[in-house]
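Residue numbers (our numbering), protein chains in the order written: chain A, 1 to 187; chain B, 1 to 185.
Keep in mind that the hints were calculated from the coordinates and are not lab data.
Every residue gets a Cβ at the ideal spot worked out from N, C-alpha and C, and that includes glycine.
Heads up, some of the hints might be wrong.
What follows is a set of in silico ranges between Cβ atoms, one per label pair, in the way DEER data are often shown [what the hints assert, rightly or not]: (1) A/Glu150 <-> B/Lys172: 23 to 29 Å; (2) A/Phe117 <-> B/Ala72: 22 to 28 Å; (3) B/Pro92 <-> A/Pro137: 19 to 25 Å; (4) B/Val145 <-> A/Gly152: 36 to 42 Å; (5) B/Gly131 <-> A/Glu177: 50 to 56 Å.
In case you want the letters, here they are:
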Amino acid sequence: MKDQPLTPAEETLMRWLAKPAGTPPPVDTGLSPEELTREREASEALGALLRRHAAPPAEPPYPDFFNAQLMRRLREETTASASRTSRVAAWWREWWRSPWFSGLTAAAAAVLVMLAFTQTPPTTTPQGTRVVSLFSPEPNAKAIALESRELGAVIIEIEGLESYPDERHLVGLDPDEENGLVASLAR
Amino acid sequence: MHHGTHFWWQGSCWAMAVLLALQGVVSGQFSEPAETVQQKAEIPDIKLTALLFYATDEPEIGADKAPLKRIADPEKDTERYLPALKKAAEAPHYHLIGRDSAELRATYSIWLRPSPQFPLQIEHTGISEDGGLFLYWILWQKEPVEVRKDRELVKSNTILTQQTPLVIAGPKWRGGRLLFVVRRN
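In isolation and in its complexed conformation, chain B is listed as follows (with noise of 0.2 Å):
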């Protein structure tokens, strides 16, 4: 073989090399985290609960905001996460005002909607080695039809645990505060 022809060749296959090296890098560092074990089909049922609070300094919620009123709280909720609503609002006192629950779906989005105006988008990416849900999720704000196009106030990749609930601290309204809790059933 021609010696400039060989060195050629060798140049290419060590180019390749590099190449599938640098590959395996980008892929490595962009791919999915590696803590996914289990594929998005083989998930079982897993619901999902999203709750709205409303964090203010009202012990009841005034006739004034008629007809506003508490929903029941029958596994109380609001007892059971006020140490973590009161670290995300600093408010004297907080109602429970909206509730939503679904099943994931393997294969598409599933829709939370404590309050029509903030609906949660959360997508189900996997399962972590220690059962943790990975989750894709935006936090939504509706815009009125004139705006033509609602915003997204927050987006995040989250591996969500039974033990551990997520606490958004949303936007202010009226004095207040609005606070949704999503968790694991």
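The shape of chain A in the complex, shown without the other chains (with noise of 0.2 Å):
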């Protein structure tokens, strides 16, 4: 239910009411001397009997025992707390210092290890040919690649590789011939 904003008229009793006794009463209630009697006395027996029921104030008769058994309580719960941690960290250092529970770190730790090595992604697009490792055992010679997605060819050049000698015979083969050799260079 909505609580009704008071009248003018009904504030003014109220405040009335809420004074003293022998307070000159209002002028502006719009009740006559006898209903502002009347309501005075029912006010007051209404406080009286709310007085009459209503609970004492519950104030601590001992304030400086009060805040003891407070800060009793504070530290046992306190010690309870730190109880249950300390029993955690026990535990703990139990199987820390146990020789399987090392041992089984350890192994973990080195599989995690070796995993994180090993794991490669997969490559399945075709990639044409590529060289993985090249080199030139000849003296001041280097060899590089060139991979050209143009000319369909990986390159590979030898820099600095020596000629070989024009005063030796060079032969060239082929199978599908009779004798198996049908170009000779040489001089």
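Dock chain to chain to rebuild the complex, using the hints, since each chain is given by itself in its own frame.
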């Protein structure tokens, strides 16, 4: 139920009732002096009834004793929490010191590290020919690879490679020929 | 358990873990490439071909170099590889003078000899996920008997696919240059 605001006359009446007895009654309440007297009597009767049945204010009889109780409760709760923490720490220390626990941890760490270094992403897309490693044992020679998509080939160049001596023979072979030797470059 | 003994034991465990981890790292770096998914013994019949071209300024091989002649080129390899050959040698003319083919073997090296003086030693080490061939190969140069030791001109680990041949710019010789093409048939 929504409270209705008091009318000015009701508000004046309530203010007068809250004042001690003997206060001159207001003139703008719209009530006769007899009615005002009845209102005051009813109000005082209700006040007396409430005071008779309401509980007296409960205040600690001895404030020092009350504070001491509070401090004792706080100390008890703090000690209980610390005790739980120390139990967990003790359990952890016990596990940590057990030989099989250290071995197990070491093995797990080794497996994790190995897994981390051996995982490689799968490659499924055709990528064409690629040179993984290249080396020329010739002195002062350096081999380089040129992977050219435009030419459709991988070209290997050997910089600084010594020429094949001109005075030497060079023979080309063709297995489709009867004697297998058809090209001979010789001086 | 005595504390000293216990901590020695625990320290040993950790040392072992670190060693195992290092072993994992090292083996990951130096083992065969991770792309190898097929064992060598499982390779199907795969044929490789090596071609030898002579890049020169001469449109025809001169009579002074007789009995030199081009070999047959039924698959028009000269025309097919001309852009790559030009990139490798920058010569106006290219003559196909040698060809050799062989099937890959799982357990031993094969030799391709487009010229007896320049054999190619090829070893198959696996197949990549995209079907490329892991090859370890060496281009040799044969030396006279008195030298007693042939020369390795270049060696490489290469993943060779069917679409992309390998062109090796070899040594110069008599004003021209020797070019090798290695392809998977």
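Quick rundown of the hints versus the structure:
1. Judged by the Cβ atoms, the range 23 to 29 Å given for A/Glu150 and B/Lys172 holds: they are separated by roughly 26 Å.
2. Look at A/Phe117 against B/Ala72: about 53 Å separates their beta carbons, and that is not inside 22 to 28 Å.
3. The hinted range of 19 to 25 Å is not satisfied by B/Pro92 and A/Pro137, whose Cβ atoms lie roughly 32 Å apart.
4. Restraint check, B/Val145 to A/Gly152: a C-beta distance of roughly 40 Å satisfies the suggested window 36 to 42 Å.
5. Taken as a hint, the range 50 to 56 Å is violated for the pair B/Gly131 and A/Glu177, whose Cβ atoms sit roughly 33 Å apart.
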